[in-house]
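Here's the letter readout for the chains.
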Amino acid sequence: METVPVDSKNVFYPPGGILMWIIIFLELFTFGMALVAMVYYGSLERELFHESRLLLNASFGAVNTVFLLTSGFFMARSVMELKQDHVDKSIRYLWITMFLGLCFLILKGIEYNSKIDAGLDMNYNLFFTFYWALTFFHVVHVLVGIIILAITTYNLKKNAAKVELIDVEAGAAFWHMCDLIWLLLFPIIYLIF
Amino acid sequence: MKQITIIWGLLMVLTFSTAFVSESDVNYAAILILGIAVLKFALVSFEFMELKKAHLLWKYLVLGFLALFSALVLFIL
Numbered sequence: 001m002e003t004v005p006v007d008s009k010n011v012f013y014p015p016g017g018i019l020m021w022i023i024i025f026l027e028l029f030t031f032g033m034a035l036v037a038m039v040y041y042g043s044l045e046r047e048l049f050h051e052s053r054l055l056l057n058a059s060f061g062a063v064n065t066v067f068l069l070t071s072g073f074f075m076a077r078s079v080m081e082l083k084q085d086h087v088d089k090s091i092r093y094l095w096i097t098m099f100l101g102l103c104f105l106i107l108k109g110i111e112y113n114s115k116i117d118a119g120l121d122m123n124y125n126l127f128f129t130f131y132w133a134l135t136f137f138h139v140v141h142v143l144v145g146i147i148i149l150a151i152t153t154y155n156l157k158k159n160a161a162k163v164e165l166i167d168v169e170a171g172a173a174f175w176h177m178c179d180l181i182w183l184l185l186f187p188i189i190y191l192i193f
Numbered sequence: 001m002k003q004i005t006i007i008w009g010l011l012m013v014l015t016f017s018t019a020f021v022s023e024s025d026v027n028y029a030a031i032l033i034l035g036i037a038v039l040k041f042a043l044v045s046f047e048f049m050e051l052k053k054a055h056l057l058w059k060y061l062v063l064g065f066l067a068l069f070s071a072l073v074l075f076i077l
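Quick mapping for you: the protein sequence lines, in order, are chains A and B.
Under our numbering, the residue at position 47 of the first sequence is numbered 47, and the numbers go up by one with no gaps.
Under our numbering, the residue at position 61 of the second sequence is numbered 61, and the numbers go up by one with no gaps.
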């Protein structure tokens with residue numbers, strides 16, 4: 001594995017790389033502004049948002065939080081193992097990370113299916129417009145994250161010596177970003193109203 | 001390795017606390033739920049993403065985003 005010495009304390013080299021952190025901030029601000037808009041419209045129609053929120057299954061959201069946080073934990077461990085040149089262990093943790101990401105998507109699929117069956121689609125009301133737009137946009141990010149991790153795993157298995165640590169860290173930062181976005185979505189959509 | 005395992009345990013405790021707070025009739029539940037979410041966000045970014053090893057600017061940017069987001073939500077709520 002190629003480990004170019006990087007000084008993380010340098011402003012231009014945050015863990016995962018400066019480009020990834022610019023993307024992370026753009027994503028956080030996009031989701032953040034949309035959530036603030038949701039809270040604003042929720043404050044104008046409190047009863048509608050409260051009744052709509054009760055139609056969601058918060059347990060699904062809580063279990064998905066556990067899936068994503070645990071996957072983030074294994075992602076962090078994978079990077080740590082890679083830094084110590086324990087490639088096999090790093091790959092094993094990457095598989096666990098991806099598996100937990102898939103568990104998140106499966107549970108989300110079950111949740112989406114029950115909402116569609118109940119007729120709670122995007123046009124049902126304003127709350128569900130926000131619910132579908134925000135959660136689906138997040139699901140797309142999780143999917144992209146799994147693809148990035150799958151490519152990283154493939155490259156590590158194929159020829160770990162050619163893989164650069166900064167690339168693995170960038171993939172890890174993207175995965176953690178999905179986690180961060182969910183940590184904001186879950187309380188606002190499922191709990192606060 | 002031991003430290004991030006403890007952080008993961010703390011994140012699980014905080015997640016279950018959120019579930020408890022949302023099910024109970026606690027006053028200011030929304031503020032508590034948001035506060036726990038902010039704490040979890042900070043733990044993931046500083047520990048799992050190793051932001052604690054980064055330059056101060058990145059730490060302030062993340063904390064600034066969190067402060068701005070929470071302030072706006074609490075102000076509107």
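Everything labelled a hint here was simulated from the structure, so no lab data went into it.
All C-beta atoms in this analysis are idealised placements derived from N, C-alpha and C, irrespective of residue type, glycine included.
Worth double-checking, as some hints may not be accurate.
[Stated by the list, open to error] A short, non-exhaustive set of chain B residues, derived as facing chain A with CB atoms under 7 Å:
1) Ile4
2) Thr15
3) Ser22
4) Gly35
5) Ala42
6) Lys52
7) Trp58
8) Tyr60
9) Phe65
10) Leu66
11) Ala67
12) Phe69
13) Ala71
14) Leu74
Hint check:
{"no.": "1", "hint": "Ile4", "in the structure": "holds (5 Å)"}
{"no.": "2", "hint": "Thr15", "in the structure": "holds (5 Å)"}
{"no.": "3", "hint": "Ser22", "in the structure": "holds (5 Å)"}
{"no.": "4", "hint": "Gly35", "in the structure": "violated (10 Å)"}
{"no.": "5", "hint": "Ala42", "in the structure": "violated (10 Å)"}
{"no.": "6", "hint": "Lys52", "in the structure": "violated (9 Å)"}
{"no.": "7", "hint": "Trp58", "in the structure": "holds (5 Å)"}
{"no.": "8", "hint": "Tyr60", "in the structure": "violated (11 Å)"}
{"no.": "9", "hint": "Phe65", "in the structure": "holds (6 Å)"}
{"no.": "10", "hint": "Leu66", "in the structure": "violated (9 Å)"}
{"no.": "11", "hint": "Ala67", "in the structure": "violated (12 Å)"}
{"no.": "12", "hint": "Phe69", "in the structure": "holds (5 Å)"}
{"no.": "13", "hint": "Ala71", "in the structure": "violated (10 Å)"}
{"no.": "14", "hint": "Leu74", "in the structure": "violated (9 Å)"}
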